[in-house]
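These protein sequences, in sequence, are chains A and B.
Going by the working numbering, the first sequence opens with residue 4, and the numbers climb by one from there.
Going by the working numbering, the second sequence opens with residue 4, and the numbers climb by one from there.
Since the hints were derived computationally from the structure, they do not count as laboratory data.
Since the structure is predicted, the reported quantities are computational estimates derived from the model, not experimental observations.
Don't take each hint at face value.
A pair holds if it fits inside one copy or across any two, identical chains being indistinguishable in the list.
As the list claims (entries may be wrong) - As a list, the in silico EDC-like pairs of lysine to aspartate or glutamate whose alpha-carbon atoms are at most 20 Å apart:
no., residue 1, residue 2
1, 14, 48
2, 14, 347
3, 404, 303
4, 14, 381
5, 378, 363
6, 61, 361
7, 135, 345
8, 35, 327
Number of protein chains: 2
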Amino acid sequence: MSGSVSPLAPKTYADMPPLRGVRMATAAAGIKYKNRTDVLMMVFDRPAAVAGVFTRSKCPSAPVDFCRANLAHGVARAVVVNSGNANAFTGRKGRESTRMTAEAAAKAVGCREDEVFLASTGVIGEPLDATKFSGVLDGLAAAGTEDFWFEAAKAIMTTDTYPKVATRTAELGGVKVTINGMAKGAGMIAPDMATMLSFVVTDADIPATVLQSLLSAGVGPTFNSVTVDSDTSTSDTLMLFATGAAATDGQAPVTADDATLDGFRAALNDLLRDLALQVVRDGEGARKMVAVTVEGAENDDAAKRIALSIANSPLVKTAVAGEDANWGRIVMAVGKSGEMADRDRLAIWFGDVRVAVDGERDPTYSEAAATAVMKQEDIPVRVEIGLGNGRATVWTCDLTKEYVEINGDYRS
Amino acid sequence: MSGSVSPLAPKTYADMPPLRGVRMATAAAGIKYKNRTDVLMMVFDRPAAVAGVFTRSKCPSAPVDFCRANLAHGVARAVVVNSGNANAFTGRKGRESTRMTAEAAAKAVGCREDEVFLASTGVIGEPLDATKFSGVLDGLAAAGTEDFWFEAAKAIMTTDTYPKVATRTAELGGVKVTINGMAKGAGMIAPDMATMLSFVVTDADIPATVLQSLLSAGVGPTFNSVTVDSDTSTSDTLMLFATGAAATDGQAPVTADDATLDGFRAALNDLLRDLALQVVRDGEGARKMVAVTVEGAENDDAAKRIALSIANSPLVKTAVAGEDANWGRIVMAVGKSGEMADRDRLAIWFGDVRVAVDGERDPTYSEAAATAVMKQEDIPVRVEIGLGNGRATVWTCDLTKEYVEINGDYRS
């Protein structure tokens, strides 16, 4: 946990309502540091439907493997999250650790081990001592409350400088339902799935298959469109749970991912976007946020790859840190993306200031106006490719000396 | 040009011999700054065979377009290189500028415009005023000398902290031939062709088609295997010229890229590697060089992609800057590469210290020994994938606060 809060942190945090059907509590299990909250337990007293998306890393953590296997079952009763140790690249010991943790959680909650989900964040490659969990899970299962979201979000922070929470409501099946979410993540953030840990719970009654469909579609333009440092974590985990408590209010059953879910879908996607942007705004060392919009690409996928090429470029990100309207580096990043581009049709804007058009500097371009945009905390960059209708927006932060400092001595 | 020389600079520079058949001279044309050498002219009094490889950027500079078009002709009489302005993303003005420069050079040398080659380095997006060349090229064509390599290398520096030169000799067709080369480049360096400007000249008599074959093969494990910041320049240019002066010594003619060239090929590739490593060692802000070797991948291409994923990872590079033997980040980078990998077969070494084996921390691993390696200036990293026979080595440098500083205010 860094000493000072990101200048891009929210001015106020969302007032998180209780979420019916999920109880949470935290404890200090001494996983890496003494006397620091490092375990979060979520308990669903009645079985919740569950969906998840995970890192596409070829070297995923043991908890990611464990969750993937359990997801087929579609039912969640407990989630155990720890910080301080990622249980990644820990070999057989890692698998043994997930098994022991799940066993302890299942016993504490009174459920099956395949109804338990696990997530770990922290250092890679150190064995995670599962015996540290056994002492605390019984107590957590008993102590959990529904009104614990903000504290839970704080408990899963690592290099985060502020907790990330969001809440939305939607109409579904004739009743009002609530969606609460939290996320953690500040470094090793790249859009190749969920890019960090995030847990979202709704009291809506939605079957697991529909939940998975909603989540898989929702992650693309949200969590998979943010990048801090292009480095994809071994542990990325985004899970969505539906407790079904709204059924008692008379919510009409949901059977498919169709138009009856439009309101819920919009609220869910809005919440996912909110959490994803909070992750970028807490990017390690970040002082500015950049929204890169690419329009006129061959197709939406090409637009996203170009936008990511810009958003991941160290030279673009250092220019932003230096408040330098260096659009030449945007051209460079478009060129290296490998996507179709016609240099002589490119146009580039910082905010409303068009700095380049028809493949050269805009003749009417004002350096002072462009620099004024660069001095903002939030910097919109727009690139018009001029070839088609493909469009995408990707969010990133600047690359500062503080990023180098934070990551130059993280382990020590 | 940065104030202090990279700590990784060569202790001594190669003693560059004259190269028969090419004369060089430099001038201060005031392209960006007054009273600073910013133009280099190379003149081949007799037509030289020429080969080239260029950036794969979709937004190449005007000089790159110009050279690509002339390369088909296979003959070079003059090369004009300028710093201070890349003539990239300059639209119609950029093309007009290359045409005017080539016209002036052709007139000065007495050759055709398609026997002129151009390279520009510096800021992207500013129009390059070609009239600045017209005054100096006549004088440069007359003044050039064969013994000017070190001064020429200095003239093409931008953010470079030291000039990059190398020389080799080889036996070819019964006589001794010489190869001289120079390069510039410190940032916007990524292996997607030549990654900077480099000019190599031999007095051997080798036809252009054979020269191209040699160069295209030689660039892969050399210039295309170095990366400073993953950002591919719009201007990358590597050209190889053969003046043919050795024919007067009785060099037997070369007709194909075959075994008679083995000695020359080895010397050329060794020189290309030497220059490429000098570029990395002058990486912006670099204090350490890292050689990343990946073995046991599915095939050589997969090995190179994994090695690049490691070498381009900001988290790996900041760990190196912090002298932190953080092999977990190596695992992360292997995982995000997208290439086949079996987490439980991975092994990782820093120098001779094996830190991970069989997908977990090496039980005999000594943190002190690994840290001692990280304190070195040159850090070998080796990753065994355990799947096949694919092998590749890629060179990079660390990511320091100085990189951020240099690139946060480059334009200003």
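Going through the hints against the structure:
1. 14 <-> 48: For residue 14 and residue 48, neither the intra-copy (35 Å) nor the inter-copy (69 Å) Cα distance is at most 20 Å.
2. 14 <-> 347: neither (42 Å within a copy, 45 Å between copies)
3. 404 <-> 303: The answer is neither: 33 Å in one copy and 35 Å across copies each exceed 20 Å.
4. 14 <-> 381: Classified as within; 14 Å inside a copy, 45 Å across copies.
5. 378 <-> 363: Neither, since 24 Å and 46 Å both go past 20 Å.
6. 61 <-> 361: Classified as between: cross-chain Cα gap 15 Å, same-chain 42 Å, threshold 20 Å.
7. 135 <-> 345: neither (58 Å within a copy, 29 Å between copies)
8. 35 <-> 327: between (41 Å within a copy, 18 Å between copies)
Checked against the numbered hints above, the structure breaks hints 1, 2, 3, 5 and 7 and satisfies the rest.
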